[in-house]
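The hints should help you fit chain B onto chain A, whose structure is shown.
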Amino acid sequence: MPPQRLVTAALALLAALFAAAPAAAYIGPGAGFALMSSFLVLLATVALAFVSLLAWPVRTLWRVVRRKKPPKAHVKRLVFVGLDGQDPRLTERMMKEGELPNFKRLGRQGSYRRIASTYPALSPVAWSTFATGANPGKHNIFDFLDRDLRSYLPKLSSAHIGRVERFLKLGKWKIPLQKPEIRLLRRSKPFWTVLGERNVWSTVLRVPITFPPDRFYGAQLAAMCVPDLVGSQGTFLHYTTRPATETIREGGARIPLASNGAGPDHFDCVIEGPENSFLEGDPPPPLRVPMTLKVDRGAGAATATVAGETVELARGKLSDWVRLEFRAAPGVKVHGLTRMMLTEAGEHTSLYLTAIHIDPEKPAMPISHPSYYAPYLAKRVGDFATLGLAEDTTALNEGVTDDATFLQQSYDIDREREEMFFAALERLRRGSLTCVFDATDRIQHMFWRYMENGHPAAAGRKTGKHRRTIEDHYRHNDALVGRVMEKLGDDDLLIVLSDHGFASFRRGVNLNRWLLDHGYLVLREDADGSEEWLEGVDWSRTRAYALGLAGVFLNLEGREASGIVAPGEEARSLKRELIAAWNGLRDDERGGVGINDAFDAEDLYTGPYKGNAPDLIVGYNDGYRVSWDCAVGVVAGPLFADNTKAWSGDHCVDPRLVPGVFFSSRPVDRDDDLSLLDMAPTALALFGVDKPDYMEGESVFDPASLDRGAAA
Amino acid sequence: MSLVNDWLRVVFDAALRPFAALPPIVPVTLAALVSGIFALLVYRWTSNQEALAAVKRRLFAHLLEVRLFNDDLRAVLAAQLRLLRENLTYLRLNLAPLLWMIVPFILLIAQLQFHYGYDGLEVGDRTLLVVDLAATDPEGAAAVEPVPRPAVELDAPPGVAVETDGVWIPSLRQIVWRLRAEEPGDVELTVRTGGVAFAKSLFVADPEGGARWVRRSPTRRRAAILDQLLYPAEPSLPRDGPVERIDVQYAAASISFFGLFDVHWLIAFLVLSIALAFALRKRFGVTL
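Chains A and B, in that order, give the protein sequences. Under the numbering used here, think of the first position of the first sequence as 1, with each following residue one higher. Under the numbering used here, think of the first position of the second sequence as 1, with each following residue one higher.
Here chain A stands alone, though its shape is the one from the complex (with noise of 0.2 angstroms):
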């Protein structure tokens, strides 16, 4: 304590010492408060130690009956540090320049190897399997779409969020009588969940495909999927005085900007949040938070008031968190986190809020487990990014930011993560952490056009500021690593390791067209394919389709509401028929090809799943990706198109083109190729525990080579 603290602390415990007496003992209600929240923490505290000593070893007894007896551990602590999207080839070459000494070490003490990805290199469905040791066929996540059997419509393939049906009324209020139903699409257990079944603590942070989260021995932040507070998967908001020439198409909505009356400089608005289903209505209205926004043009700011807080903006900076509060009905309320940035402030204003995310300290869904696990973070670390895809790419696709805001973004949420990353290492005393870091897997999605020549979404625009942000990046995980490597003992094994690698994505591939032209597709006499979500198709004469970012669906008689292709022999003709057209498919604009290879998730999958799965995966080459149109279910536009967005890198293409890095402090004890497949196996023989049937990796160290290398 610094000397001035203790004179001030010794001043006033003379101060108080010397007016006591009965009448003045009391000081007012600051001595209250302080007495009071104190008192009440010593109490809580104390009514704490004595329930957890009394408690313990009933329950210690009751695990050990509960649970199974613990095996023997060849590690203290396993942890996982997921770097989504690290690419074997820039991660090689740097590491050979002796730009990422840290990961070199690592490699050098342990082993450094490519990993195989899984069918598609999806994010959602590689970390799956790395979860589960199992494909996707036993794990049902294919892509981060699937579709609607019945009404051909695309639904998210994780998570499934249902409505409340029973209520009670009471005049103009509906009270819920039972929770939504959320329910998580993964199937086969993840093995932090497996552990827990032997004792073995996990902590698992922000490993995607976790909305809902598992319930298990452990505590776990859900990730990839957790929706937005309005219940989309990012919908930022985008206030402006700007006439709307065009729409945004994704992820976002314009709300124009009205000057209130004070003055050319004031404007009154709300924040929607999500609908009120407190009340009545179909569907019900949205809860609202008044906004006002005060700008100052000479000085580039703005100051916006939402319930009383007031919030100083300046031109093109992010604020800091802004808590939102939606009042639904008495005593309840829905709360949430935006930031917000003054985007303009000249002839036109324009005001940009991130989508509004869960608040995790009053979380409005399951986002953790166990429930007070979110706000535990929150209250250690301060409040975080709790939406799936939290770094907002849509806006930057959308041209509403600029780089340099999507990067603060992501070092932002990057930081956060870091944050809880090394709270949680720093409790875990026995059994293992994971954590996935998604900058590295966004940042290449929107920047990689600065990194290569000629990229068509880097047209007219200077790429020498952006040539090294990715390799930046990458010596910023470096470091990351380092810091890791400090923190862990001989005992403890570090993995560091990404889904898959990453590739360029310069060209677009609309399959829907090619099915069109090939009269596999074909539009009712009144669409003209323009429409998103394949509206247009005439379902009575269409074999074959596109949705998503790898799939292509047959029209299957008797699994489709309207399918026409018998099952069996002709759906396998139609599948040989289409992959042979595919495979090699050139684009002739640009002679490069397409496809490598189309391949038949019957190949591909095992597994009681594999009927939910595409009936192809396209492997697209190095370049190309499915276009943005095909992904929504667009038929129209050509073939092959320029990808001119932001967005213009990407692993979604033919999984052998795009390998994860593997990096561990140990030697690896295998030869052959490692998978992703061999992650959780890897998890479960380090801590002496069996792999259950469905798991099909194997373990890359063997146990017994730990023990002799810990014992030397």
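Derived by calculation from the structure, the hints in this document are not laboratory data. Misleading hints may appear alongside valid ones.
What the hints assert, rightly or not - Mimicking DSS-like on lysine-lysine, the simulated pairs with C-alpha atoms at most 30 angstroms apart in a straight line are:
no., chain 1, residue 1, chain 2, residue 2
1, B, K56, A, K465
2, A, K362, A, K169
3, A, K362, B, K282
All of these numbers come straight from a predicted model, not from anything done at the bench.
For chain B alone, coordinates are given in the frame of chain A:
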């Protein structure tokens, strides 16, 4: 200090007079509201709000940690140690605003105590008037000699009967009279000694009258700093005069807490001021 007290008496008498006929919980609640707001402002201006918010977050985090790692006794005990450490930090962060609040709140509470802390006499009630005389022999060496009764007289106004002669207690240098209230009123008793007269107020409540809750002073003391701070209801006695203090014994009062139960006014004030300040803290943007 006496000037401050003179001024405060006038201010508080004037401010509280409109409430004299109302249940005392009304002015106490108002005083608690004003105090709560004052405390919030003091916190906002003098405390390190960011540090307070941070330490509170950490406190909650450690509490949740105890629950989170409840299978791990070592982790639980470590979390409890952190809780205790953060608790001390929290108390330390509260010291600065507390220092700023000590003097105003002592002044306020002392004034309120003399309005709501004592029951006035009622007609027919008896009480003692105690006069403490100053020591005449500073050395105290003549303690073995019998001390003669000093010449001290009491003049009581009409409506107050002096039932006994003054009883001299040499060891305490006190003279005590028993008084009986015969008529309601706010009157002055006069104590004379050594040719100097000292007044002492006496309040006899009117059972039919409305203005029951007015200032009453159980003691008048010499002009020492602490006594002036704590007993400001009457002007101080001269510092070097023959009388050290004059006391009238009033019973301690209780006030009705919104008709629920009777309680000392200070408890009501404590509870209300904390509750109101907590209720208003978000409106004032203050972390407590």
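Now the hints, each set against the structure:
no. : hint              : in the structure
1   : K56/B <-> K465/A  : 42 angstroms, violated
2   : K362/A <-> K169/A : 26 angstroms, holds
3   : K362/A <-> K282/B : 17 angstroms, holds
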